[in-house]
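Asks: The listed protein sequences derive, respectively, from chains B and Z.
Using our numbering, you'd call the opening residue of the first sequence number 39 and step up by one each time.
Using our numbering, you'd call the opening residue of the second sequence number 39 and step up by one each time.
Since the hints were derived computationally from the structure, they do not count as laboratory data.
Only a predicted model underlies this, so the values are computations on that prediction, with no experimental measurement involved.
Beta carbons are placed, not taken as given, at the ideal position from N, Cα and C, and that holds for glycine.
The reader is advised that the hints may include incorrect statements.
Stated by the list, open to error - Okay, the calculated bits of chain Z under chain B, using three or more residues with CB under 8 Å as the criterion:
# : region
1 : 44-52
2 : 76-87
3 : 100-108
4 : 111-120
5 : 130-138
Residue strings, one per chain:
Number of protein chains: 2
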Amino acid sequence: MLALTILGNNSAIPAFGRNPTSQLLQTEDDSFLIDCGEGTQHQIAKYKLRRSKLSHIFISHLHGDHYFGLIGLLSSMSLLSRTQELHLYGPPPLLEILLLQLNAASVTLSYKLHFHPLGEEGLLTRTKKMEIHCFKVQHRIDCWGFLFRQIKNPRSIDPDRVKSYEIPAAFYEQLQKGQDYHTRKGTIIPNTELTIAATPAKSYAYCADTIFDPELAGKIYGVDLLYHETTYLKGLEEKAASRFHSTTVQAAAIANLAGVKRLIIGHFSSKYEILDDFLEEARSVFSCTDLAIEGTCFRI
Amino acid sequence: MLALTILGNNSAIPAFGRNPTSQLLQTEDDSFLIDCGEGTQHQIAKYKLRRSKLSHIFISHLHGDHYFGLIGLLSSMSLLSRTQELHLYGPPPLLEILLLQLNAASVTLSYKLHFHPLGEEGLLTRTKKMEIHCFKVQHRIDCWGFLFRQIKNPRSIDPDRVKSYEIPAAFYEQLQKGQDYHTRKGTIIPNTELTIAATPAKSYAYCADTIFDPELAGKIYGVDLLYHETTYLKGLEEKAASRFHSTTVQAAAIANLAGVKRLIIGHFSSKYEILDDFLEEARSVFSCTDLAIEGTCFRI
Chain B
39 MLALTILGNN
49 SAIPAFGRNP
59 TSQLLQTEDD
69 SFLIDCGEGT
79 QHQIAKYKLR
89 RSKLSHIFIS
99 HLHGDHYFGL
109 IGLLSSMSLL
119 SRTQELHLYG
129 PPPLLEILLL
139 QLNAASVTLS
149 YKLHFHPLGE
159 EGLLTRTKKM
169 EIHCFKVQHR
179 IDCWGFLFRQ
189 IKNPRSIDPD
199 RVKSYEIPAA
209 FYEQLQKGQD
219 YHTRKGTIIP
229 NTELTIAATP
239 AKSYAYCADT
249 IFDPELAGKI
259 YGVDLLYHET
269 TYLKGLEEKA
279 ASRFHSTTVQ
289 AAAIANLAGV
299 KRLIIGHFSS
309 KYEILDDFLE
319 EARSVFSCTD
329 LAIEGTCFRI
Chain Z
39 MLALTILGNN
49 SAIPAFGRNP
59 TSQLLQTEDD
69 SFLIDCGEGT
79 QHQIAKYKLR
89 RSKLSHIFIS
99 HLHGDHYFGL
109 IGLLSSMSLL
119 SRTQELHLYG
129 PPPLLEILLL
139 QLNAASVTLS
149 YKLHFHPLGE
159 EGLLTRTKKM
169 EIHCFKVQHR
179 IDCWGFLFRQ
189 IKNPRSIDPD
199 RVKSYEIPAA
209 FYEQLQKGQD
219 YHTRKGTIIP
229 NTELTIAATP
239 AKSYAYCADT
249 IFDPELAGKI
259 YGVDLLYHET
269 TYLKGLEEKA
279 ASRFHSTTVQ
289 AAAIANLAGV
299 KRLIIGHFSS
309 KYEILDDFLE
319 EARSVFSCTD
329 LAIEGTCFRI
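Using the sequences and the hints given, assemble the complete structure.
Replies: Quick look at the structure:
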């Protein structure tokens, strides 16, 4: 299971009931919070998402609409006596910002917070079923995108078959690695008889705030789901570029270039109340596009 | 006109749709924001309150539920190209917290922000029609309360009378100061003939987060409206004291001791979903009590 819930989709300031950027990526084991604009903890409560599975938070950059809700969320989890460790990845200055606020309140968090400053592109961490990479995007200040990729054995145990052949559980790991099974009598049961091909490993790329940058396509090539910002509608390419943002058709062009399966767009400018044109324009270039509407859950 | 709108009334974490503390005190000329929990800018938009009149912000202390929304509000007003100067009063470490975040985002505010660190008790500032004092309250960390008092001439011009006596407008200021008018012919028109007694100057005291402290009563004596926190219901006095908070009956006792006209209570613990008991308990001690319910406007 890999599911992405949108918690906020607006740029710069909250407007028309739309909150600043935040997304929650859920697996069976862990939840990953991506950016955390003001009010994210309210949104997590509103959509009844469990905080207990939240194991990692990724902050793309230090524009307020992407992280002003973080200190509140971290504080609230402490007030609620969280004990699980939490990993936070963000731009280096984030740590001092957080510590200054915790110190001012004489607060010691109830849980261990591991801060990992973002720097070079590459693998950030690997959990039981996911690996997460970061890559740089072009924005007004240092900004990173994140690539989430499922880790899957190519084949998984067929529970009925291993039972009928009475394979000991101790051998399951080797079966998953592709080995055949040798019975005591010397019979070889081929691996394909005992395992089934796993569904392909899924992937999600979050491109944060970025100017139109075709080089980005190489970093996120072939992902199942791509989030690309669309602060403006087409025709405003010049304005978008001057602010290191993108338009609908630019986001869709990246989706095409990167050969992704599906695109979601967000980070809408507060000048737009109605979002229909965003969808129409992006779909005219990349048909499999959806709006990152708050509360929507995209199953990958 | 003096009117207080409640923007948030919950303690520690947002719960049951209740936001952390914030209040807006409005006069004809200015608005004063008192504390600014996360989501305050959302609340200001929700209740359609004008930001353009906001001239002063007062932050009582650096527990997050009283100021985590400040950086977002300040940033948004800049993104909306505010030009009016803004005065901010708060605990000294607040300035560094804000500057660190503005610097990390490479943001220069579009307006002049004057930061005034809180320290000694006394007069903070005087606007055209208000004077604002601060006083210390007893909490886990440094914490200040605020006293807002209208400035009023004891008498105001009677427009019909000054017209009928053909008093030149240039003399109005002296009339308000209590002088009689001498006509060219030497007749003395007594001041009471030309002016009417002004309505009494109104006052509002905000006691922030505080342990039960009878000495507080002397600092806010006789105000028209008092806000006193009631984190807990009665019976939890020991817990309240250990956390430097107050209960319903303690808040009401302060209202009695201070001889105030009206009491509002808030900062409800997240353990309470229903607030009826807060009102009942406080009213049993001080009958003229109301709950600080979000969106409610108290005219003073």
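Asks: Okay, the region 76-87 of chain Z and chain B, do three or more residues pass the C-beta test at under 8 Å?
Replies: holds (count 5)
Asks: Mind checking, does the region 130-138 of chain Z have 3 or more residues with a CB under 8 Å from chain B?
Replies: holds (count 5)
Asks: Do three or more residues of the region 44-52 of chain Z come closer than 8 Å to chain B, measuring C-beta to C-beta?
Replies: holds (count 3)
Asks: Establish whether the coverage given for the region 111-120 of chain Z by chain B is satisfied; the threshold is a Cβ-Cβ distance below 8 Å, and no fewer than three residues must meet it.
Replies: n = 4 at 8 Å, threshold three: holds.
Asks: Are there at least three residues in the region 100-108 of chain Z whose beta carbon sits under 8 Å from a beta carbon of chain B?
Replies: holds (count 5)
Taken one by one, the earlier hints all hold for this structure without exception.
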